[in-house]
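Protein chains: 4
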Amino acid sequence: MSGSVTGNIFTVSTWGESHGKALGVVVDGCPAGLPLEESDIQEMLDRRKPGQSKFTTARKEGDEVQILSGVFEGKTTGTPISMLVWNKDQRSKDYGQIAYSYRPGHADFTFEQKYGFRDYRGGGRSSGRETVGRVAAGAVAIKILKELGIEIYAYAKSIGPISIDYTRFDKNEISNNKMYMPDAEAAGKAEEYLHQKIQEQDSSGGVIECVIKNMPVGVGNTVFDKLDANLAKAIMSIGAVKGFEIGDGFAAAESVGSVNNDSFYINEEGNISKKTNHAGGILGGMSDGSDIIFRAAVKPTPSISREQQTVTNRGEEINMVIHGRHDPIIVPRAVVVVESMAAITIVDLLFSGMSARMDSVKKIYEKTQQ
Amino acid sequence: MSGSVTGNIFTVSTWGESHGKALGVVVDGCPAGLPLEESDIQEMLDRRKPGQSKFTTARKEGDEVQILSGVFEGKTTGTPISMLVWNKDQRSKDYGQIAYSYRPGHADFTFEQKYGFRDYRGGGRSSGRETVGRVAAGAVAIKILKELGIEIYAYAKSIGPISIDYTRFDKNEISNNKMYMPDAEAAGKAEEYLHQKIQEQDSSGGVIECVIKNMPVGVGNTVFDKLDANLAKAIMSIGAVKGFEIGDGFAAAESVGSVNNDSFYINEEGNISKKTNHAGGILGGMSDGSDIIFRAAVKPTPSISREQQTVTNRGEEINMVIHGRHDPIIVPRAVVVVESMAAITIVDLLFSGMSARMDSVKKIYEKTQQ
Amino acid sequence: MSGSVTGNIFTVSTWGESHGKALGVVVDGCPAGLPLEESDIQEMLDRRKPGQSKFTTARKEGDEVQILSGVFEGKTTGTPISMLVWNKDQRSKDYGQIAYSYRPGHADFTFEQKYGFRDYRGGGRSSGRETVGRVAAGAVAIKILKELGIEIYAYAKSIGPISIDYTRFDKNEISNNKMYMPDAEAAGKAEEYLHQKIQEQDSSGGVIECVIKNMPVGVGNTVFDKLDANLAKAIMSIGAVKGFEIGDGFAAAESVGSVNNDSFYINEEGNISKKTNHAGGILGGMSDGSDIIFRAAVKPTPSISREQQTVTNRGEEINMVIHGRHDPIIVPRAVVVVESMAAITIVDLLFSGMSARMDSVKKIYEKTQQ
Amino acid sequence: MSGSVTGNIFTVSTWGESHGKALGVVVDGCPAGLPLEESDIQEMLDRRKPGQSKFTTARKEGDEVQILSGVFEGKTTGTPISMLVWNKDQRSKDYGQIAYSYRPGHADFTFEQKYGFRDYRGGGRSSGRETVGRVAAGAVAIKILKELGIEIYAYAKSIGPISIDYTRFDKNEISNNKMYMPDAEAAGKAEEYLHQKIQEQDSSGGVIECVIKNMPVGVGNTVFDKLDANLAKAIMSIGAVKGFEIGDGFAAAESVGSVNNDSFYINEEGNISKKTNHAGGILGGMSDGSDIIFRAAVKPTPSISREQQTVTNRGEEINMVIHGRHDPIIVPRAVVVVESMAAITIVDLLFSGMSARMDSVKKIYEKTQQ
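Protein chains in written order, with the numbering used here: chain Z, 1 to 370; chain X, 371 to 740; chain R, 741 to 1110; chain E, 1111 to 1480.
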């Protein structure tokens, strides 16, 4: 099955292995007339680039993106946008145990069982590096949303046991610290915690929170293609994500209706609004105009320096040590991936929903074309 | 957009409103040769039927299913299976405030904004009754999985603050109590808790847990169509579900790699297995042969007897009382819906993955078909 | 695979066997606010109903359609529209040879080989009766197109060797004769020809032509989803259709560029128009604003009274006689099916194309919703 | 809409403009374990390369393909295969009238109306050069079919008024002449005919015929996704194709049932076979085991040297001369594109149909995986 293609109208098709020649993505269904240049993409890619701090992998990736199609004279043409990043470091080396053993917490075992063999170099297609294509496509989606006034941002809500304190929430702080936390104090503590994990040859998980502002009402569908359902799929498809919740999420399970229901009222501008936002901006699968707020639980980096028990593909039990430098935490680099997947999802639902009403259909076909 | 169709190869198309003439589903892509009769479907539908206890809606639904196509001489033929349930109670009545007001926690507001108007009778398509089609399709999917030796079961893990105790876990107990809890003691406490909520004109949320046993290794895909991502979408598409987690889920975010990684070993039968199952049966988006375990957070029933503040579609603020009997809890009736959506998802991924290897393709086309 | 579902945004899911309990269709993705009632559907279904003349099957079908969902107070709600027709004549009878033999020109052999067995009653799902669902869905699509001022009509261009004469073309004549020919004289000759075929226990083929007027410019896509490609698939998916051509079609293969190219000019209203229409209204896969004109070649009815040679599913060669009354021609009843499939295809492409430009996207999301 | 992606399980996503940086394709859903190298692709691409004769464009394209992902140690891994060809000649030049005028018979007008502006360099995405991606993907599909013993070949059946004579049919001759005709004598006459067209500053159409041998029985679906319907869409999506027919095609419309029906019999190997093949290898939308034979009508090259009348995008009527060398015929270069699209279509249907029977599903999941 073609598991690297997503989207109904705004289609994203990613490709590329960690240590192959290149990685990239084809975005089909981007409307014509969107101003787009390589720097729009590069800016997003740079946010997922390692080598920025001791908490992210040392390998210099570079990751200079090239737009190969779909843009003419600075604007999208409505045709597929192909974007590519060359892998710089492809020299073959001895992968040792990794070539024939199954790293705990990785896709080595399942991939090999499913396909019969695997590209063992750096995790192949199951590497975190696979997200290059997602982020490049996400940059296009975010550009579209900006044109509609919709804003998306994500940040680390917690790293291991260290959570942000919302009384200190400062959106501008997010890009100031290597933790991508909107709370400088929590970020400091998180750095200390990660130092400790490195010392222990161990790694940490964390939670990413994402906020989407200025959504039009009614994006998403009533039954299977609910906005929250599609966001859940998109976010859970990011490697290492083990949980997703919207609004109060799991806390709602312990709440009562009289608290959890958000009352409607007429706000100062005379519009229908909600007094609270336990729902996280979605009612019955459709955006309700409030902020959309969701969270993703990210597991600890599975690659740790510590010796681990595992088996080989010949059925032998061994002790394995994964050499090289490893990120002790996935969260900071995944923040931009979460934004990207959220944007891709929303753009596809926006476009798929344009024919929801007969009067919208008439608006487009009576005037725009001819 | 067509938000009531799901699946790539095993396609499920549900239809019907709460107080319309009927509800139903068309399942396309069911393999030929599966023994199937109405009682297979009825058994599942009966599990979601209200009127079983004071904790579930009093309205007699009946819900007798008819299979209208796709089955011949007791076996599926490979053509679409159409299943239908007539709505018995469609007499028109005065819906009062509901017709023009937005119930808090419901889809009334978003639906009307998106589509311009809405079928206000009992929630229309946004009613929980919409799950009739999901469960009928789920019954077909579960029948397919049984043929492959795969078993799915779900239960209430918690209702409000009352959680099951795993030391008392008894699978047979699940269908013995109205809470669908595998722990009779917890079920008793949960019933008491719900009595109290009814007294308070309030409602409760809860958590459903689902277990899938005997999965083949390798079901699901590496990137966008990960098994856990597709399960997340399917489960989050059920009304009232606000969170999804697999394996340790959100707890993994607070864990460390040395604990969260599941070591591989060779088990007594000589097969590769895992010593622990923090991953919940999925690695890199593909089933790893362990039990798949996931949880869904269900919000409290939004319809409560208590007076609530809201607005009308003419922009007036009002106090609203929703008359009639309301379930104080959604969880017990949603258990079978969770099983159904999980089964539908897995069947579609199983079928979509049959061409993963060239040797599988040869196996089918060299021998099965002439 | 789910071969009975079509469409990306306007999704049509048909079901039902020739001699099963009922046949029907679920249409998902119809915009809200379209006036729709059962008579809109019935009118179209009546055009495919047999028993109208000696050239169409004698069996009384009735085919009264019921709309079971998706319409409230006379308008579509944006939710799935389920439509159903009960089969009246389902009494079991002795199907004789048909149960175990393969009728020449029918799907009996291929269906049984693919699925292992088959519903042999009246052809099951491979019966022409399968088109009930297509026509019901087509009626909805045609209603949508009418709202946009787009008109579709089809007719018999030829029956066997008898072709219409365009100098006598009269659109109003189409529904006046049983041949659905826009030329009374040709219709008369065609009736005579069919009489002769009935005498000879034989059957005839023919060609259906379809015209679509007032198309907006730009419907369809540049590469795989060209409007003509999608029309070709839709029309070729109708049983018995063996060829499809647009504009000059196969004649263009013998033409030269200087003739086949349609010159653009400025028409009397000051709009860009074409002097000729060899292209049939589509350039580069997109509608060009001229009339779309295409043709479908329909093979002779495979069920003939004459004795034929064939084999049984036990591998024996036999002589077979197919009892009962048979239409000597498929063309007249397929005219409405061609219109239906064309309408379904165009609606889906119209809806899928609404996000072609950034300014269209803004037009919908800046004003319609909220 | 994303009109450059096709396929359900075997997904092909092409990209690239005629005079952009590069063209390419991503193939997702290729089974693991298929031997594949760049020469497999190059061989096919070379067949569509111009500059081979005076009848094909003089521009040196080169078109060296690179495989960027999805292949490891000479075999496909089951992950997306990205293939790319750089455009050598991208220097900007003065496109003169083409930049603002609509060439007759081209997509210039429709593209600009739909998207608001267009990449006018060499036709952009509507150029015949877009087929580079199709052919690269087709090479992968053909490799898969070969593993299953299925063979596809196409050839020119006619060029203008010159048709091949089947009594002289010689498959080996196809690649011997620049016309791709299986009849050397007809090829000679066709060359003469094209010389004449060049003299007349004109162009010619033609017909391509394609044969598929050794198909398993039962590929394709009963209703919308009939094998012939999907082939029709795939072939009609190739630029310049105006008609499609299978088996006797349009001739069947003039035939009678007693002739057009193919009688079944038991052949010398004891298998069920057909005495004739009027159906072209497909019954009821499914392959019947006979040769599949279809034809595509190709219009004359719209770019001709002769002065033509047209309009500009400012609404002025002008006389236009398209400079440069033009192919007087599209047919020979399109032969390999027809083979490619046929192969892509069949592979997708083969993979989508693997779950047609419960026993096939068991065969894969009981043994292959773990």
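Just so you know, these hints were derived from the structure itself, not from any lab. Among the clues, some could well be false.
[Said to hold, decoys possible] Only pairs whose alpha carbons sit at most 25 angstroms apart, straight line, appear in this in silico DMTMM-like list of lysine to aspartate or glutamate:
1) Z:21 x Z:64
2) Z:275 x Z:307
3) X:516 x E:1476
4) E:1472 x X:416
5) E:1473 x X:736
6) E:1256 x E:1283
7) R:886 x R:1056
8) Z:75 x R:1106
9) Z:178 x Z:165
10) X:732 x Z:202
11) X:645 x Z:151
12) R:929 x E:1147
13) R:1103 x Z:317
14) E:1256 x E:1364
15) E:1281 x E:1312
16) R:1102 x Z:151
17) X:548 x X:517
18) E:1281 x E:1156
19) Z:362 x E:1283
20) R:761 x X:416
21) E:1472 x X:639
22) Z:21 x Z:112
23) X:583 x E:1476
24) Z:93 x E:1301
25) X:645 x Z:317
26) E:1185 x E:1147
27) Z:275 x X:482
28) X:458 x R:804
Hints the structure fails to honour: Violated hints: 2, 4, 7, 10, 11, 12, 13, 14, 15, 17, 19, 24; rest satisfied.
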